[in-house]
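Novice: As they're listed, the protein sequences go chains F and V.
Numbering-wise, the first sequence is residues 0 to 282 according to numbering that gives the first Met the number 0.
Numbering-wise, the second sequence is residues 0 to 430 according to numbering that gives the first Met the number 0.
Be aware that a few hints might be false.
[What the hints assert, rightly or not] With a Cα cut of at most 25 Å, we get these calculated DSS-like pairs of lysine-lysine:
| no. | chain 1 | residue 1 | chain 2 | residue 2 |
| --- | --- | --- | --- | --- |
| 1 | V | Lys209 | F | Lys14 |
| 2 | F | Lys43 | V | Lys242 |
| 3 | F | Lys47 | V | Lys166 |
| 4 | V | Lys12 | F | Lys189 |
| 5 | F | Lys14 | V | Lys242 |
| 6 | V | Lys7 | V | Lys74 |
| 7 | F | Lys14 | V | Lys241 |
| 8 | V | Lys7 | V | Lys247 |
| 9 | V | Lys147 | V | Lys209 |
| 10 | F | Lys43 | V | Lys296 |
FYI, nobody ran anything at the bench for these hints, they're computed from the structure.
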Amino acid sequence: MTEIVKHEPTTIYIKPSTGIAALNLRDLWVYRELVIFMIWRDIKVRYKQTLLGATWAVIQPVLTMVAFYFIFNKIGRVPVDADIPYPIFSYAALLPWGLFVTALNQASRSLTANHNMITKIYFPRLILPLASVLAGLVDFAIASVILVGLMMYYRYVPAWEILWTLPLFLFLAIITALGVALWLSAINVKYRDVNYVLPFLTQFWMFITPVAYSSAKAVSEQWQLLYSLNPMAGVVNGFRWALLGVGDGPNTALWISVGISILVLVSGLFYFRGMEKTFADTI
Amino acid sequence: MTTAISVKNLSKKYRIGEAQTKFHYGMLRDVLVDTVTAPVRWAKSLAGRSSTQLETAKHYIWALDDVSFDLDEGKVLGIVGRNGAGKSTLLKVLSRVTEPTEGTVTVRGRVGSLLEVGTGFHPELTGRENLYMNGAILGMKRAEIDSKFDEIVEFSEVGQFIDTPVKRYSSGMYLRLAFAVAAHLEPEILVVDEVLAVGDAEFQKKCLGKMGDVAQQGRTVLFVSHNMSAILRLTQEAIVLKKGQLIKRAPSPEAVDFYLASGQAETGERLWQPDEIPASAAPFKPVAIRIKDKTGKIMDTVRSTEPTTVEWEYQLDAPVTGLRVGVYLNTMRGEYVFTSFDTDDAKQYEQFGARQPGRYISRCEIPADFFNEGRYYLGVNASSFGVRRYFMDENAISFNVDIAGAPGTQWPEIRQGPIRPRLNWRIEKLD
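Isolated chain V, as found in the complex (with noise of 0.2 Å):
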């Protein structure tokens, strides 16, 4: 087995921006002095030195610290980890849009990512010259895209809108026409990073089909998604990224449970900060709303199989009469899922439809096998019915919904609708 890619000791220091600590200088004179010597620092980074400063590790973070392995040629590798992880960067200092700070990378082939769906697109140009700039910006060759162009356009479906600007799209048209290119490059390293999220189902299913086909030609695929089954699916093996660090490598089943396992999920949690809350809202004070797991472990990744708890906490500075406080649940796209009140249940209504001031936290539980795969948003309202609308706020957080062991999932497809409901079918023979 030859090995495709190679990374050895990598890690990536990312600034984070001096406006942070500019904010620090509370007086007029630093702030001056500051200002008086600020063409000093800038000819000075300008000649790619910063000052020294502003090398105190507190204005760094390792976005990669020390990653090291290794992939055989052929193999598709699955990477997980939370947003800031240090998945994206990875592919990154691979595809080599950017330098890694320490380490080195060998790779053995043209590696094309499908990060760049749709890069140098020019909304004024058709989508045929698109189609050529796009291919040439990937590093396809001329003779190479014409010989490839009937393909690539039928796989996108736009067909007859070749010829149209591509501002004139759809962004679904757009977004298929991107990948279509992207998908009929041929790299001996494919590196896809989440595309599987956009257009239809329909045409999510065709671009799994893509990528299986790559990974059947025996060429290299690194595939990252927060998509447990997605990379249950399509991979045999998976590393997971903590805060940067490689922690863990092994067969996809046991990482991705690894990964569920491990709580990575500081978000699933939504703090109000209080510029955030309107002036109108009073005396309604929202605080947090919180995504818990079965055992009550803040998540931003659920299980579809197992229950889901939604927390709304929240405080009343003066007694309020009629009140009703619940949330919407929304898909990515938009659906209205459901909406529901603390409050929508007569008798829970005549207890605690007149509240008193004080700290609150109205909890309930979505039941196992409701979420079909895919992002949810949750919006939260707090009112009381034709008198007043105390706080909303449509999109308040969001959450991933892992469907591993769901209804259907011995099926690699995608399932059309917003809910998967755990259904009791009864099979009858007749004669």
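Chain F extracted, bound-state conformation (with noise of 0.2 Å):
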């Protein structure tokens, strides 16, 4: 028998919560390791008993870019910032979008997909979004891959001296995924609606969001703070400022993007955290 070690028992109390919920982020510490592994699961999983596996991850940016460059480039003549070529310019902003879609896609599934843990422990249930979110990364890793191949079949040398600043855009991107992720999640536990209601929202967020084309020219001054308020408008033009050096960089429009961003990602931990505790009673 191995021995036990006597430790003094934290004492809980459950009670009713009233007013506004407490975050209480503390606790997603204490369960730190289990976001690892729902992180871990979520990506051993993604591609069980699929032919291709990982290699989606790839395929689907890599036809995006392909249609893209047809439709919009060869046909439809979209204006793009000179001298980069298209598939560069259309791939560098496939790569956070695709991260962004695909973590609403998951996150927002999340806790309906584990309603059976959500029913029988009791865990930190921000867990789930979370999970989902950054295991995306995965996905956007094997991804940029490609995007290296592309920068160096066409010779296009990357912004070098702020290219240290891609991991900051990443970083916007997962917090603005994440706030979306939390609204979506937590209204899905009971209104599953959101599942019809998705793929017209990321659809049409792309319309709206500069990934085909370059906000620069494609919109008229008046209407480029409005444009910005659209968080995903400061996540690409960030990326493609980074890597491949074109735009303004860190203007007004970025900063509003990422003042939309926290507001999204505040006030969706707020919401999720007031739903969080109706949810074994709803999903």
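Two chains, two separate frames, one set of hints: put the complex together.
Specialist: So this is what it looks like as structure tokens:
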């Protein structure tokens, strides 16, 4: 028999919560191992029993890029920033956009897909959408390899001196995705309409995000600020700036995007925490 | 003595689905108004506020109603009650799955529960991967799982399949692995809900043993079961819940007697609704089947030491010849125990083979000392041999058997086999 380490057990008080829910992020820290495990599980099972496996992480953005190339560049002649090959131009945007869409798709279903856990055990529910969003980083990393290949093929030298800012824009993409995912996943517990709304939402959202086109060229001056209310516009422009050196870099529009992202994340956290107590009953 | 769990005025209100109220809307106008205002209500409830018209009491049930009790550290408490009495809700509140509506609970230590066997298991992951995953979900640290890994695998008896995806496991293997993880969690407070009903007899024995160990180590255990002999065997004290209220707390034998005698048995009866009867059954029309104890009370738990009456009430809308009406008895694992018809007896058949229209009851008595412990299913059949089967339902009703006082209950073990007869043993000394 192994020796049982006697330590003073912690006392837990259970009572109905009132008022605005406390975010209680410390709880998340206590359960950090579970976050890692959930990310690992999501990655592990994502491409199980598929023929092409993780290649899908590459196929999707590459095929989208090819389609964009023919539709928007060859046929549509959509304005892009000068002297950047269109494949690199669009792929640099498809990377964070793909991360965002995958995160929304996976995270918004994360609670309903794990309803048996939610109805049986206590753990911070926040872990589920969080792990889904973070697991998308693996797909992102795999898909990034293609960008490196494309840049080598087109002999395009990245903007070395500002490349270090890329992780910051990646971080912005993640908090944006997480913020939206918190809203969607919590609503999805009660209203499965989210599953039907999501394809429209992501499609519509892509139109207002400069993935296939350049926002500087396509959006006229007086609409720029309104346009930057879309936090993903800031992310995509930031990626292009950090990787390819196009655009203005950090400007008012970017800070608006950052502000909106933080607003969505914080409101999402509070909404999620507020709804959390009813998850087990309504799911 | 330190108090491990302190429950004070605990209440939990559940909302009964809105769908029920919707069916009351008869008029198109109401439906239209309902549809038009739906987004408003939707927005309100999204904001966590429900409209006041729904706040009326009839839309709610109290799953727990002002429950209070304290439990000292190291005690094993049994919780008994009918389905829907609030047992599971109580455990869910204690393990923080759901929030109470009113009242407070103070819990000293980590609550681990065997509610959660296999929770978070992913079919695509291997046994080993699921073991780690499940451990993490139950709140174990990686190092803790590492140190217990071999012990858990051994307990689960799935050793050679540990690197096979669990979707290839048999359901027994799956449950054994799941239970093994949960059983090796070392919470200060263990909550057990009916898991003992799963797995084969050998494995159930191990589980009971494990629970005994846990209790011996001075940890607090809450044990929910429909199995009164398990309650008697494993707990010193029990509480009885009825419609969300704690109606009795007493030493286990007293609490069990109280529960069995209080006739909390609205089930033990199955009524057929018109839409459950296929048109092909005519002219036979099943009305109800009931399980009754020796005093004639309808029960969902019967004692194996007393005779049990099964009665089937039905209606004939036209004369039927060659009719036989009977039952099949099945165990929970689907083994047939017996089949019996009301006109099996030749004389009885002569008298009742041809029946006139009217309402009938066919009643039989299953003798005392027949059932073993557990849950049984009763199927029904009404037919004319070689002519026609009027009605059949393989799973018409189920009931529990309590074996308190049955032969051999002095040994705390699972007895193999679906019946538990009291045989007339004689022992002779030969030399």
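Novice: CA of Lys209/V to CA of Lys14/F, is that 25 Å or under?
Specialist: Given that 25 Å is the threshold and the Cα spacing comes to 31 Å, the pair is violated.
Novice: Holds or violated: are the alpha carbons of Lys43/F and Lys296/V at most 25 Å from each other?
Specialist: Cα-Cα ~56 Å, so violated.
Novice: Is the hinted pair Lys12/V and Lys189/F satisfied, with a Cα-Cα distance of at most 25 Å?
Specialist: Holds, at roughly 18 Å.
Novice: Hey, Lys7/V versus Lys247/V, does the alpha-carbon distance stay inside 25 Å?
Specialist: Roughly 16 Å between the alpha carbons, so the hint for Lys7/V and Lys247/V holds.
Novice: Is the straight-line distance between the alpha-carbon of Lys14/F and that of Lys242/V 25 Å or less?
Specialist: Holds, at roughly 21 Å.
Novice: For a C-alpha distance cap of 25 Å, please report whether Lys47/F and Lys166/V respect it.
Specialist: With a Cα-Cα distance of about 12 Å, the restraint between Lys47/F and Lys166/V holds, given a limit of 25 Å.
Novice: Please verify whether Lys147/V and Lys209/V have alpha carbons no more than 25 Å apart.
Specialist: 15 Å, holds
Novice: Within a Cα-Cα threshold of 25 Å, do Lys43/F and Lys242/V meet the stated pairing?
Specialist: 45 Å, violated
Novice: Below or equal to 25 Å on CA atoms is what counts here, so check Lys14/F against Lys241/V.
Specialist: 22 Å, holds
Novice: Below or equal to 25 Å on CA atoms is what counts here, so check Lys7/V against Lys74/V.
Specialist: Holds, at roughly 18 Å.
When held up to the earlier numbered hints, the structure conflicts with 1, 2, 10 and fits the remainder.
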